[in-house]
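S.K.: Hey, can you work out the whole structure from these sequences and the hints?
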Amino acid sequence: MEDLENLIREIAKKLLSEKKVDLIIGYEQGTLPLHTTPCFVDKAEDVKKLVWNASCDANLSKYVVDRKEKVGVIAKGCDARLIAVCAIEKQFPRENVVIIGIPCLGVVDRKKIETKLGDREVLEAIVEDEQIKVKGEGFELVLQKNDFLCDSCLTCRHRNSPIYDVFVGKKVPEVKGANEFAEVSSLESKSAEERWKHFKEELSKCIRCYACRNVCPLCYCKMCFVDQTMPAWFGKTNDLSDTMIYHIVRAFHVAGRCVDCGACSRACPMDINLRELMKKTEKIMKERYSYEAGVSLKEVPPLGEFKMEDSQEFIK
Amino acid sequence: MKWKVLEKSELPALVAKLTEEYEVFAPVKEKNIVSFERLSSENQAYLDFWNTKKPPKDVFFPQTETLFTYRIAEKDVEIVEIPAAKGKRVLFGVRPCDARSFVLLNKFFSSGEHKDVYYLEKRRNTTIFGLACTSPRSTCFCTSLGGSPFGKDGMDLLLQDINDKYLIETITEKGEELVEKFPSLKDAEKADVERAKKLSEDAETAVKSKVSVKDVSEKLDRMFEDPLWDQIYQKCLGCGICTFLCPTCCCFDILDEETVEGKRVKIWDSCQFSCFTLHGSGHNPRSSGKERMRQRIMHKFNYFVNDFSEIFCVGCGRCVQECPVNLDIREIIGAISARQAE
Numbered sequence: 001m002e003d004l005e006n007l008i009r010e011i012a013k014k015l016l017s018e019k020k021v022d023l024i025i026g027y028e029q030g031t032l033p034l035h036t037t038p039c040f041v042d043k044a045e046d047v048k049k050l051v052w053n054a055s056c057d058a059n060l061s062k063y064v065v066d067r068k069e070k071v072g073v074i075a076k077g078c079d080a081r082l083i084a085v086c087a088i089e090k091q092f093p094r095e096n097v098v099i100i101g102i103p104c105l106g107v108v109d110r111k112k113i114e115t116k117l118g119d120r121e122v123l124e125a126i127v128e129d130e131q132i133k134v135k136g137e138g139f140e141l142v143l144q145k146n147d148f149l150c151d152s153c154l155t156c157r158h159r160n161s162p163i164y165d166v167f168v169g170k171k172v173p174e175v176k177g178a179n180e181f182a183e184v185s186s187l188e189s190k191s192a193e194e195r196w197k198h199f200k201e202e203l204s205k206c207i208r209c210y211a212c213r214n215v216c217p218l219c220y221c222k223m224c225f226v227d228q229t230m231p232a233w234f235g236k237t238n239d240l241s242d243t244m245i246y247h248i249v250r251a252f253h254v255a256g257r258c259v260d261c262g263a264c265s266r267a268c269p270m271d272i273n274l275r276e277l278m279k280k281t282e283k284i285m286k287e288r289y290s291y292e293a294g295v296s297l298k299e300v301p302p303l304g305e306f307k308m309e310d311s312q313e314f315i316k
Numbered sequence: 317m318k319w320k321v322l323e324k325s326e327l328p329a330l331v332a333k334l335t336e337e338y339e340v341f342a343p344v345k346e347k348n349i350v351s352f353e354r355l356s357s358e359n360q361a362y363l364d365f366w367n368t369k370k371p372p373k374d375v376f377f378p379q380t381e382t383l384f385t386y387r388i389a390e391k392d393v394e395i396v397e398i399p400a401a402k403g404k405r406v407l408f409g410v411r412p413c414d415a416r417s418f419v420l421l422n423k424f425f426s427s428g429e430h431k432d433v434y435y436l437e438k439r440r441n442t443t444i445f446g447l448a449c450t451s452p453r454s455t456c457f458c459t460s461l462g463g464s465p466f467g468k469d470g471m472d473l474l475l476q477d478i479n480d481k482y483l484i485e486t487i488t489e490k491g492e493e494l495v496e497k498f499p500s501l502k503d504a505e506k507a508d509v510e511r512a513k514k515l516s517e518d519a520e521t522a523v524k525s526k527v528s529v530k531d532v533s534e535k536l537d538r539m540f541e542d543p544l545w546d547q548i549y550q551k552c553l554g555c556g557i558c559t560f561l562c563p564t565c566c567c568f569d570i571l572d573e574e575t576v577e578g579k580r581v582k583i584w585d586s587c588q589f590s591c592f593t594l595h596g597s598g599h600n601p602r603s604s605g606k607e608r609m610r611q612r613i614m615h616k617f618n619y620f621v622n623d624f625s626e627i628f629c630v631g632c633g634r635c636v637q638e639c640p641v642n643l644d645i646r647e648i649i650g651a652i653s654a655r656q657a658e
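Protein chains in written order, with the numbering used here: chain X, 1 to 316; chain U, 317 to 658.
Any given hint could be a false lead.
Listed below are the simulated PhoX-like cross-link pairs for lysine-lysine, each with C-alpha atoms no more than 25 Å apart in a straight line [unchecked claim]:
no., chain 1, residue 1, chain 2, residue 2
1, X, K43, X, K14
2, U, K369, U, K526
3, X, K111, U, K347
4, U, K347, X, K116
Stretch-level coverage of chain U by chain X, calculated; a stretch enters the list once three of its residues show a Cβ under 8 Å from a Cβ in chain X [claimed, not checked]:
no., region
5, 338-349
6, 354-367
7, 445-458
8, 486-496
9, 545-556
10, 634-640
Honestly, the hints are just simulated from the structure, not real lab data. Note that CB positions come from ideal geometry on N, CA and C, so glycine has one too.
M.R.: Set out below in structure tokens:
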């Protein structure tokens with residue numbers, strides 16, 4: 001595989017020194033193994049901080065909304081798609097953002113590695129193209145990277161940013177074939193009562209830290225509905241009914257806009273499978289409106305506009 | 317102080333006996349997550365963990381706690397107070413970092429004119445049975461903050477795994493009372509106590525992560541307007557993971573649920589949330605992530621030190637482990653230390 005890291009640094013350096021952007025948003029080495037952390041580079045000489053590997057899991061499009069400067073963003077397929085959605089929704093002028101597209105073969109799900117290792121802690125890790133070498137107290141293992149990718153990466157259909165201004169390196173083949181929505185079939189096979197029970201069980205773990213909302217680039221509302229206090233719109237306690245209202249309304253709000261980047265599930269400290277419901281809404285959007293979010297800069301998300309030919313079977 | 321020994325096979329029976337007399341809260345594993353739950357016939361204590369996902373603070377300071385219910389009639393308001401839970405409790409399997417958090421939380425909830433009876437009452441009725449930490453993680457930095465893997469602060473008893481058996485060390489009278497309920501427990505031999513001491517030293521050495529908190533509070537006295545805050549908050553998402561999973565964070569909000577007939581509840585709040593300290597006028601003195609990040613650091617490393625002469629962090633490392641963008645508080649402390657040494 002090409003040395004994408006160096007190519008990223010070169011492009012970042014060029015954009016900064018030619019003053020095409022004021023700031024590059026990318027990844028740098030984190031403080032823990034298997035972690036990278038978002039980094040903001042505004043000087044050409046600092047581009048050496050930038051890294052690229054399968055631990056670059058943060059969705060950097062989150063940092064684009066509300067920025068005054070011209071920014072260049074390292075964008076995996078999912079990041080680029082969310083930049084596109086936010087641009088259509090006029091969260092920033094498109095010309096203020098240089099999308100630095102990158103071919104992505106998936107990011108690592110640390111929770112899967114933790115599950116595999118049990119109580120053994122990873123003290124050192126090297127993430128390579130095909131393998132992840134992990135080391136800890138008294139153990140050393142070579143893991144096959146593909147067995148530890150995030151679920152959202154396993155069904156990703158846009159490993160190459162579909163929208164970009166510059167592209168780093170060569171495009172990788174897209175995944176076709178295997179059913180993209182296979183994982184929602186178990187949800188679909190349940191009766192309404194079973195689904196309700198399932199959601200209740202899953203969401204009873206929620207501690208309302210709002211990491212799923214705050215990590216989501218689509219949650220850019222200046223005032224989230226759950227934060228409304230004058231008057232309060234919804235309860236803020238962690239009683240199950242309050243918690244479920246939060247998750248249900250959020251799911252509706254991002255339906256048709258979500259690109260399944262998986263950031264919400266990765267961020268959740270309580271391991272709630274937040275993707276499942278979102279994947280189902282994504283499927284509905286595809287079936288009903290032939291719409292896929294973030295692949296065009298023209299088409300507005302279906303729930304954000306009205307068309308005469310929209311299905312109206314709910315009007316009886 | 318007494319030292320008793322417990323065969324490993326006898327632990328479940330001891331815990332079961334405790335549940336007959338006390339409400340016992342202990343680490344319970346469900347799927348991959350270990351958290352403190354009230355023990356019942358449906359679950360069992362799980363001790364093979366690094367630390368629980370959530371700290372045990374919610375045993376005394378639940379995320380949602382009803383203070384009273386109300387009903388507004390035409391001319392009158394009917395209020396029914398809900399007193400703090402009075403049951404006798406045992407909090408079992410608490411790691412020393414988390415037990416130390418109770419020393420700090422006690423100061424917070426008992427200071428000033430208005431004591432928090434809801435916290436204090438439950439705390440008073442609870443015996444804290446700690447569990448020594450024999451294999452600290454790379455993110456643990458308790459030793460930099462006055463704690464240690466076998467530390468006893470905030471505990472009534474400490475359970476120590478000395479390989480083939482457990483050693484129970486009583487620390488307070490409450491702890492002795494609890495041990496007296498188990499007359500069959502044998503006294504520890506000198507060799508057992510020696511072994512525990514050795515394990516304690518080994519565990520202390522195993523805490524490799526160090527932060528220098530010396531002078532941090534004093535430096536912060538002069539850093540309210542420092543440009544450092546402009547840098548460190550940039551990547552913060554403003555979620556509540558670091559504060560909700562923090563054993564010492566205890567900011568709360570009080571809300572009335574429903575207008576005519578409802579309840580007044582105390583709920584966890586987080587200084588990282590955009591509506592934290594939002595005024596009725598709509599003004600928020602902490603209007604961006606910068607001020608909110610500063611608040612979190614200032615509260616832990618400066619305001620609390622000024623009020624109670626202690627740092628409001630026990631070095632459990634949960635915020636380091638769980639931050640979705642790897643914003644590492646150890647680096648922030650390092651940056652503050654380095655800032656003015658320049």
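S.K.: A separate judgement is required for each hint: does it hold in the structure or not?
M.R.: The hints, checked one at a time:
Proposed proximity of K43/X and K14/X is supported: the alpha carbons are some 11 Å apart, at most 25 Å. This hinted pair checks out: K369/U and K526/U have alpha carbons roughly 22 Å apart, not beyond 25 Å. At most 25 Å may separate the alpha-carbon atoms for a hinted pair to count; K111/X and K347/U meet this at roughly 12 Å. For the hint linking K347/U to K116/X, the alpha-carbon distance of about 13 Å falls within 25 Å, and the restraint holds.
Given as covered by chain X, the region 338-349 of chain U passes the check, having 3 residues with a CB less than 8 Å from a CB of that chain where 3 are the minimum. A stretch counts as covered by a chain when three or more of its residues have a beta carbon under 8 Å from one of that chain; for the region 354-367 of chain U and chain X the count is 3, and the coverage holds. Counting residues of the region 445-458 of chain U whose CB lies closer than 8 Å to any CB of chain X gives 4, so the stated coverage by that chain holds, three being the minimum. Under the rule that three or more residues need a Cβ within less than 8 Å of chain X, the assignment of the region 486-496 of chain U is violated, with 0 such residues.
Here the region 545-556 of chain U counts 6 residues with a CB under 8 Å from a CB of chain X, which clears the bar of 3, and the coverage holds. Using a Cβ-Cβ cut-off of 8 Å, 4 residues of the region 634-640 of chain U lie near chain X, which meets the minimum of three, so the contact claim holds.
This entry does not satisfy hint 8, going by the numbered hints stated previously; all others are met.
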